[in-house]
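*Asks:* Spelled out, the chains give:
Number of protein chains: 2
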Amino acid sequence: MTTNGRYRVIIENVQPIVDNGLHPAKRTIGERVDVTAAIFSDGHDHIRAAVMYKKGKEGKWTEVAMKHTSNDEWIASFYLNEKGEYFFTLQAWVDHFETWHDGFIKKSEAKLDLKVELLEGVVILKKLSKNNPELISVTRKLEEAKYAQAIDLVKDENFSALVRANPLKEIVTEHGAEYSIIVEPVKANFSAWYEFFPRSASLEPGKHGTFKDCQRLLPRIASMGFDVIYFPPIHPIGKIHRKGKNNNVRATSEEPGSPWAIGSDEGGHKSLLQALGSLDDFKRLIAEAKKLNIDIAMDIAFQCAPDHPYVKAHPEWFMQRPDGSIQYAENPPKKYQDIYPFNFESENWESLWEELKSVFLYWVDQGVKIFRVDNPHTKPIPFWEWVIAEVKKKDPDVIFLSEAFTRPKIMASLAKIGFTQSYTYFTWRVTKSELITYMDELITSPSRNYFRPNFWPTTPDILPYHLQYKGENSFILRFALAATLSSNYGVYGAAYEFYENKPITDKEEFVDSEKYEIRHYDWKRTNRMTDIMTMINKARKENKALQSTWNIQFCTIENSNLIAYLKCTDDLSNIILTVVNLDPDSSQSGYVQLPKVKLKLSDKINVKLTDLITEENYTWAQEWNFVEVNPNKMPFHLFKLTVQESNM
Amino acid sequence: MTTNGRYRVIIENVQPIVDNGLHPAKRTIGERVDVTAAIFSDGHDHIRAAVMYKKGKEGKWTEVAMKHTSNDEWIASFYLNEKGEYFFTLQAWVDHFETWHDGFIKKSEAKLDLKVELLEGVVILKKLSKNNPELISVTRKLEEAKYAQAIDLVKDENFSALVRANPLKEIVTEHGAEYSIIVEPVKANFSAWYEFFPRSASLEPGKHGTFKDCQRLLPRIASMGFDVIYFPPIHPIGKIHRKGKNNNVRATSEEPGSPWAIGSDEGGHKSLLQALGSLDDFKRLIAEAKKLNIDIAMDIAFQCAPDHPYVKAHPEWFMQRPDGSIQYAENPPKKYQDIYPFNFESENWESLWEELKSVFLYWVDQGVKIFRVDNPHTKPIPFWEWVIAEVKKKDPDVIFLSEAFTRPKIMASLAKIGFTQSYTYFTWRVTKSELITYMDELITSPSRNYFRPNFWPTTPDILPYHLQYKGENSFILRFALAATLSSNYGVYGAAYEFYENKPITDKEEFVDSEKYEIRHYDWKRTNRMTDIMTMINKARKENKALQSTWNIQFCTIENSNLIAYLKCTDDLSNIILTVVNLDPDSSQSGYVQLPKVKLKLSDKINVKLTDLITEENYTWAQEWNFVEVNPNKMPFHLFKLTVQESNM
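Line by line, the protein sequences give chains A and B. 1 is the number of the first residue of the first sequence in our numbering; add one for each residue after it. 1 is the number of the first residue of the second sequence in our numbering; add one for each residue after it.
These are computed hints drawn from the structure, not numbers from a lab. Since we're looking at a predicted model, the values are computed, not measured. Ideal Cβ positions, reconstructed from N, Cα and C, are used throughout, including at glycine. Do not take every clue at face value.
To spell it out: a stretch of chain B is covered by chain A in this simulated footprint if at least three of its residues, at any positions, have a beta carbon under 8 Å from a beta carbon of chain A; those stretches are [as the list claims (entries may be wrong)]:
hint, segment
1, 107-120
2, 312-325
3, 409-417
Calculated pairs, DSSO-like style, for lysine-lysine (alpha carbon to alpha carbon, straight line, at most 30 Å) [claimed, not checked]:
hint, chain 1, residue 1, chain 2, residue 2
4, B, K541, B, K290
5, B, K335, A, K155
6, B, K290, A, K107
7, B, K335, A, K169
8, B, K507, A, K107
9, B, K335, A, K67
10, B, K515, A, K106
11, A, K155, B, K334
12, B, K67, A, K335
13, A, K107, B, K115
14, B, K335, A, K312
15, B, K107, A, K409
16, B, K334, A, K127
17, A, K312, B, K115
Sequences and hints are given; from them, build the entire structure.
*Replies:* Here it is in structure tokens:
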């Protein structure tokens with residue numbers, strides 16, 4: 001027989017939890033969490049429920065009353081204002097005080113005799129008085145009052161408030177399990193990434209860029225409002241089987257190779273390519289960037305060129321073939337002879353794991369706080385789970401971006417086990433319905449609790465078909481979507497700014513890819529895109545509503561070329577309405593519907609709008625409002641809304 | 001660091017499990033179980049997976065290979081042929097043999113050099129030979145063959161078969177958790193219930209029926225094909241506050257009272273109402289019914305009339321009010337003074353639980369194997385979980401039907417914690433879309449693994465609006481739906497057979513309800529409904545496809561009054577197509593689409609149909625076929641389909 005058979009309330013389907021508590025749910029500082037559960041009891045008695053939460057294992061529990069929404073679903077919300085691990089659990093109980101009070105009111109309305117009910121009320125109040133001496137006087141009053149007065153006392157609104165304020169916890173269902181929520185730095189959820197190859201940073205054509213050149217670009221990128229600069233690998237590049245321009249299998253001796261073919265006689269994952277500069281140069285760059293509130297994100301690509309020092313020092317970390325050679329990467333019949341993958345099935349996996357962990361820790365020591373991890377889906381998921389946890393033991397603020405453009409469940413799994421942010425399918429979601437469906441999936445599916453999207457219109461690896469040979473309007477509208485749909489987004493820097501749009505025929509790849517050669521950009525030049533990036537990043541910084549991905553609500557607009565969405569802070573103090581024209585060529589117009597319930601609008605609507613890009617002002621007095629977007633003027637509107645007080 | 005960091009395959013989202021393994025999934029003897037999971041690894045290597053299952057904790061594991069369906073979802077199916085508890089778990093691994101073989105074929109097609117690959121093949125085969133000596137000769141052959149021959153050997157279909165047959169389990173991901181499936185008797189999933197009040201069983205008008213009268217009705221009910229007879233409570237009926245006709249608060253001394261007001265000076269839950277006969281009479285009835293393959297289902301209503309012996313003997317099991325009275329049932333402002341509920345919050349809950357358990361065990365000892373539990377949702381769910389498990393320790397075959405017409409999550413919870421079958425919302429699902437939506441919910445939601453529906457068109461408590469004042473066609477079509485949609489169904493016996501259709505005004509209750517008075521039925525009479533019940537029950541017994549609820553597939557038919565659904569056995573040896581006309585008044589027709597994929601039909605369709613009710617025969621040679629249902633002839637078709645061999 002169970003130890004306590006008296007409890008009657010059942011608690012099921014608690015959220016947010018990830019894989020039944022196997023992994024923590026994720027939030028960032030200042031975010032709200034909505035704890036929900038199915039809670040019910042036998043019979044007609046009233047029940048109450050509470051969420052208990054605490055910061056850290058040793059923290060003190062805070063109790064938040066839950067509210068019934070519908071169909072036995074309950075909710076309690078609270079804000080997570082500190083970094084670190086929170087824990088929560090639930091309690092629920094039959095509340096005989098509330099049950100008694102509700103029955104009393106109904107019986108009194110039906111004019112039933114209430115003598116015994118009054119006696120019962122006194123019994124309950126005496127119980128409650130033990131913990132709340134303030135109730136002693138009410139109890140005495142009820143006890144001493146004459147019948148009619150006593151009934152009036154209980155029917156009084158003050159008495160209802162007293163019932164609400166004094167839960168009678170007698171036989172409590174403790175949910176038992178404690179679930180954890182990991183609260184990460186704000187940047188985990190709100191970041192604007194600018195990617196460039198340091199070797200292309202020189203202002204002088206034909207010269208190999210250096211960290212010092214990068215440092216000179218900092219003011220430009222900071223003034224555009226980006227807060228993460230991400231570099232492809234900056235380690236020594238393999239010389240054996242080095243790839244040439246356009247992935248040619250033979251490089252000339254002049255060609256720089258792909259930065260992802262890591263390691264040579266110059267060193268490996270803890271070394272820097274000498275042509276870029278010294279470790280001191282790199283550390284100075286990190287420090288200078290930090291002053292501008294920019295983090296330098298480093299690429300971690302755990303693979304080796306054939307001349308990487310590991311290959312000689314630790315042949316046991318690679319797959320040996322029966323002919324004595326080392327297995328290069330392949331996807332039959334394709335061969336990648338310039339890359340040796342690690343063999344994570346090695347019997348010496350422990351030393352391999354330790355060494356790879358030490359790579360992260362080494363760069364953390366140099367000041368790197370953000371890692372963009374290359375192809376994590378080609379290394380074992382259990383390894384990432386371990387190494388991310390290890391690095392976070394040293395510095396819990398480190399951010400890991402998963403570059404896993406792969407199948408949905410693998411992307412999800414990497415996010416579950418610890419990656420802070422993830423590349424997404426946004427790159428290929430183009431039509432209005434594709435975009436809405438994808439956002440809905442991100443926001444409302446269980447992945448909301450662990451998968452933080454980072455939207456990229458292009459990357460050095462991907463020039464999607466819909467941007468090939470396209471003009472600036474297309475690039476601008478995709479940028480606006482990335483930066484306003486998702487609070488984390490990134491661009492393949494100058495290539496995007498200057499509309500690089502030429503693919504290898506029939507492929508979603510850039511021709512003359514910067515991956516295999518040094519590019520010269522005119523870093524002094526700015527254009528329409530530069531301005532728009534600057535203005536949108538400014539709007540993102542000044543408007544808290546744009547600092548979350550989770551608060552999006554799409555608005556109805558009867559034009560399949562126009563997509564409109566609202567983002568608000570919980571308190572409605574900041575409201576942004578974005579309308580993007582998905583047609584880069586023609587002006588499109590339509591009526592957009594304001595979400596009245598969400599905005600708490602009365603029938604008398606009075607909403608002021610300011611376009612944060614054009615600074616034009618409008619007043620809307622109706623639920624449905626005409627919007628026109630002329631892409632040649634600006635492919636989108638970014639409206640800040642002010643709901644006039646009379647409506648609230 | 002984890003103890004084994006070499007495994008690379010991840011297993012997630014295993015099904016069927018209930019609340020992450022908190023409760024067993026349910027099946028019945030002979031049912032198939034489809035174990036599914038998301039299974040994936042890093043990289044491009046081939047993976048394999050297997051389900052391991054065993055009967056009983058001490059059983060030997062059987063391994064079933066899983067197959068990939070799509071999007072990293074895997075499945076393995078097997079049949080559960082024995083009663084009792086099964087356990088299953090999963091394994092998955094990177095299969096280097098399969099990876100090697102697949103790469104070999106692709107490289108050979110690309111005419112790459114395969115010398116090293118051949119050496120690798122020999123290494124793998126040698127590993128496998130340790131466990132499978134039959135591979136030694138193949139290994140030697142490959143080792144000794146010349147290059148071209150060796151390649152041909154590997155490319156041969158026999159070699160592919162060898163690869164498939166020889167999984168190379170090197171570093172296995174063991175899922176770890178073992179989940180249980182409880183396999184119950186066939187009757188848990190396939191039963192036809194006939195409910196009647198024993199006191200109405202007399203053939204002589206005005207006489208109180210007896211168990212002996214019930215015994216005389218057995219051949220009638222058996223010939224109609226029912227296999228469960230369910231009696232409302234047969235215990236002594238309270239005399240204090242006894243209810244009269246139509247729930248009158250004052251009964252005359254002649255009135256029999258409601259059987260659900262249990263207990264009087266004659267005894268309580270372990271006694272029988274003397275007017276019905278002796279315990280021996282009851283046991284004889286059970287035995288005689290058993291000979292006809294009928295179980296007698298007993299009603300368990302855990303509540304007491306004020307004169308129940310428990311009230312005096314165990315006042316601590318009831319709620320005492322401050323004035324010394326015992327709390328009667330109420331739903332303020334309604335009072336039910338004839339009923340004392342048990343107080344499950346009693347400090348003496350343990351003795352109460354033990355006593356209630358002993359009630360079940362007492363009747364199990366008398367031969368009762370099926371209990372219909374009255375209002376389980378007004379007693380604590382933890383109590384039911386315990387008492388059902390306790391009763392099953394004594395006899396695992398006992399079936400519990402939950403009469404919880406209440407909110408969805410409570411109904412679901414009762415099913416999860418052990419009730420074998422449940423009453424459902426079918427009673428109120430009337431239109432085609434309501435019926436399809438409801439069936440889809442039952443079949444495809446997680447509840448499929450624990451909630452076994454039992455469909456009732458009416459009960460003594462419920463005469464739904466859509467049957468009030470309705471004629472025989474309405475009763476027939478609802479009967480046909482109940483008995484063919486769900487493999488478990490029941491009818492409120494003679495009242496349904498003879499179309500009792502008069503409600504209390506504005507309520508879904510019978511006027512002059514049999515709950516409060518003795519009814520006289522002309523048990524010798526039969527009618528069109530009697531015949532249809534007989535024929536449908538016969539069809540259910542003779543056609544395995546109708547013995548499951550889980551195999552339903554709705555067919556498209558462009559008429560909202562016609563609903564069509566197919567049920568098949570897994571091997572398609574038995575196929576039943578039911579078409580019901582939801583319009584009781586008019587003939588309806590339309591074209592029904594045969595599910596070609598499900599029935600494995602080629603383009604040359606040749607399907608023979610026999611209507612199991614009218615015995616008419618048809619041949620269908622097309623995907624879309626005309627059907628007409630004239631309710632005045634028969635409100636439904638029950639077709640048995642035979643797919644002619646040429647199509648298969």
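*Asks:* State for each hint whether it applies.
*Replies:* Checked hints:
no.: 1; hint: 107-120; in the structure: holds (count 8)
no.: 2; hint: 312-325; in the structure: holds (count 4)
no.: 3; hint: 409-417; in the structure: holds (count 3)
no.: 4; hint: B:K541 x B:K290; in the structure: holds, 17 Å
no.: 5; hint: B:K335 x A:K155; in the structure: holds, 21 Å
no.: 6; hint: B:K290 x A:K107; in the structure: violated, 50 Å
no.: 7; hint: B:K335 x A:K169; in the structure: holds, 26 Å
no.: 8; hint: B:K507 x A:K107; in the structure: holds, 23 Å
no.: 9; hint: B:K335 x A:K67; in the structure: holds, 29 Å
no.: 10; hint: B:K515 x A:K106; in the structure: holds, 28 Å
no.: 11; hint: A:K155 x B:K334; in the structure: holds, 19 Å
no.: 12; hint: B:K67 x A:K335; in the structure: holds, 29 Å
no.: 13; hint: A:K107 x B:K115; in the structure: violated, 92 Å
no.: 14; hint: B:K335 x A:K312; in the structure: violated, 87 Å
no.: 15; hint: B:K107 x A:K409; in the structure: holds, 29 Å
no.: 16; hint: B:K334 x A:K127; in the structure: holds, 27 Å
no.: 17; hint: A:K312 x B:K115; in the structure: holds, 25 Å
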